[in-house]
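A.B. asks: Sequence:
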Amino acid sequence: MLQIALSPALALYLLYRGLRNRAYFARMEERLGFLPATFHSTGMGSLWLHAVSVGEVLSAVELIRRVGAARPDVDIFVSTATLAGRVTAEQRLAGLVRGVFYAPLDYRSAVRRVLRRIRPAALVVMETEIWPNLYREAKRSGAALLVVNGRISDRALPRYRRWSWFFGGCLELADEIWVQSPQDAERYLLAGAPASRVVSAGNLKYDFQPPRAIAADLAAFLDRLNAPEVWVAASTMPPAQTGDPDEDDAVIAAFQELRRPGLLLILAPRRPERFDAVAEKLRAAGLAFACRSQPGRLALPGVLLLDSIGELAAVFERATVVFMGGTLASRGGHNVLEPAFFAKPVIAGPHMENFAEMAAEFTAAGALIRIQDAPSLGSAVRRALDAPGRAGEIAQQLALAKRGVVHRVAARVLQALEDGVPDPGRPLLRPLACLWAFSHRMNVARGTRSARSLSTRVVSIGGLTMGGSGKSPVVAHLAARLADPAILTRGYRRQNAGAPLIVPRGTHAPAAQTGDEAQMFVRRHIAHVGIGADRYETGRLLEAQLKPAVFLLDDGFQHVRLRRDADIVLIDATRPWGGGLFPVGLRREPLEALGRATAILLTRVPKGVPTTGIERVLRRHTSCPIFRSRMVPEPWTGASRKVAAFCGIGSPAAFWRTLEDLGLEIVERAAFPDHHRYSLAELEAFGEKAGGATLVTTEKDWMNLPAGFSTAIECVRISVEIDNEDQLLRLIEGRQ
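First residue of the sequence shown: 455, per my numbering; consecutive thereafter.
There's no promise every hint is true.
[Claimed, not checked] Restraint-style ranges between C-beta atoms, simulated for each label pair: (1) G858 with R837: 32 to 38 Å; (2) T902 with A1124: 26 to 32 Å; (3) A480 with M896: 48 to 54 Å; (4) D938 with A480: 56 to 62 Å; (5) Y561 with S618: 22 to 28 Å; (6) D608 with G858: 25 to 31 Å; (7) P648 with S1094: 55 to 61 Å; (8) S747 with D840: 30 to 36 Å; (9) N1178 with K1096: 37 to 43 Å.
[As the list claims (entries may be wrong)] Mimicking SDA-like on lysine to any residue, the simulated pairs with C-alpha atoms at most 20 Å apart in a straight line are: (10) K1061 with D873; (11) K1096 with G1117; (12) K1061 with V1174; (13) K1143 with V1174; (14) K593 with A899; (15) K735 with D700.
No wet-lab data here; the hints were simulated from the structure.
Heads up, the beta-carbon is just placed ideally off N, CA and C, and yes, glycines get one too.
Kindly generate the complete structure, drawing on both the sequences and the hints.
C.D. replies: Dropping the structure here:
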């Protein structure tokens, strides 16, 4: 069910449609921005590619393949606006993308929900889709915005020119607009696009990769027929305006006119909702036909109705001649490159406005047979069957000569992924964020004036955001590499929180007295641990009893009442700014606070992945050194790879991603509040839902399990890997 309180009228309407058609209701949930639970991104930003139609999806396949191969760490999501586009994307992009969904309605609330879920570093919009709220909210979230394979048809140009004051404002939001031809570049300028951002790059459709083979059962059916001549009528369309022919009627009439004994017509309507209507037309015409969905037997001459989605491109290989639909009716035409790659002669009507430059080039070279009306179709097919000539070969040569566009576009998309810094928040709460910023600024100033110093060197390991940046693992990692360190921590949610507790290295203390994070430090035996809300008094006790060489102040960037010798600020590269200042997001301080930092440590950065966009923002506020690190899970030792995962940490999605990186299948998952203490009843209930799968949690959550239950639960432990670690250690120790 929908997860939002809609207006009563809309809610009742959707409920009514949902009761009648559950598939429609599910589509509407996605259109309103409610994506499936598995659609989330935990990397440094995903790629969202918006391709409305089947043709746009096919144009994007090779681009997606190239980007995915170059950046396997990036989650790729594809949105479509049509049922046929959705099915094609799911078929052709299986294994290449993380998810396919229906594009949200162009309302800010719907778009923002999608942006918060998949957090794109780059939004790539195919061809001519201009959605004002999508463009605006994507840029506001920190994503780079590219228009790729852009084109404006003859029919659409007057509208774009007339409304250029509106479209120009939208197109100015795009970082770059890569168009198919110089003519399209001129048209985008007339529509209001900035000249500096329009690039004539060529047509991605030329890099179309034909399917390797027809589906086995369809190939077997065609082999049994062994038709000497095969005519494919591709993507046929109904009338668009008064005077247009119905292309299915035109094809059926031409087939009856031909009367060729061994001819097989493969009729492929463009729209799935027309499959049944076309079957009725064939039945009324008295033609022998079979449906792809129910092949049966078929005598020649006969018709195969291709009532399936995503198989047409592979069928062109079996064609003798192809008629391209959408060209007799005023539909602007369809892409002729797919049959051209198989060197097939192609017939098209007068309407090729959407591919005007390509159609003109192919026609001039004799690679495209043009007809002016529906009655001419039969004779054109007969001539092509009787004397195919070199039209197909010329078409193939033209199609292959212009390949290579995808290489340039993929390089630009990869650059956009580096530049984008996804940080979606909740803009409606910005007035409250201003109050938070003012109050916090006063608290920092007051705390700084009254700050006290310890005699031992103090180094803070903290962050700008509330939880989830990996502070505790980093503190533990650094402590293990320092000589005689001590850790100062507040011991969140521990018992008897008022009294400081000192736990010398190698000794033990109950988790209830330390808190979960401090218990991790205690059990690792890496440092003395001082636990208390007043870190100054706790530090004095530690100095008096154990005389450590250096203090690591855990989560201490905002604890300005204790003076520090160095501030190491951790920034989670997967969500660097926390979605905005609280309560818009989870950031505790404005970015100007980075001026207090001695060094920045970016966490969760995959090995070798650039952080260009994040560093560009950081350099506006600080000139301190920037280091990169990543969390590395220890190898999985469980008996089963099917797990039920639960956690109570600041970034649950990061834990899910860690399990996926380990090759585990998550059959059930549950996220609890940060620092959650689990009851026996909660774990037993979750175990029942898991259905026998191995229960798994984080090391921090393992500290909060009830006594006697931990033996039944696997714990995923992680280590930290820091680039240029020696330099960071020297800075912490004060040796530079």
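A.B. asks: With reference to the structure, classify each hint as holding or not holding.
C.D. replies: Verification of the hints:
no.	hint	verdict
1	G858 with R837: 32 to 38 Å	holds (34 Å)
2	T902 with A1124: 26 to 32 Å	violated (41 Å)
3	A480 with M896: 48 to 54 Å	holds (49 Å)
4	D938 with A480: 56 to 62 Å	holds (60 Å)
5	Y561 with S618: 22 to 28 Å	holds (24 Å)
6	D608 with G858: 25 to 31 Å	holds (27 Å)
7	P648 with S1094: 55 to 61 Å	holds (56 Å)
8	S747 with D840: 30 to 36 Å	holds (33 Å)
9	N1178 with K1096: 37 to 43 Å	holds (39 Å)
10	K1061 with D873	holds (17 Å)
11	K1096 with G1117	holds (9 Å)
12	K1061 with V1174	holds (12 Å)
13	K1143 with V1174	violated (33 Å)
14	K593 with A899	violated (34 Å)
15	K735 with D700	holds (11 Å)
This entry does not satisfy hints 2, 13, 14, going by the numbered hints stated previously.
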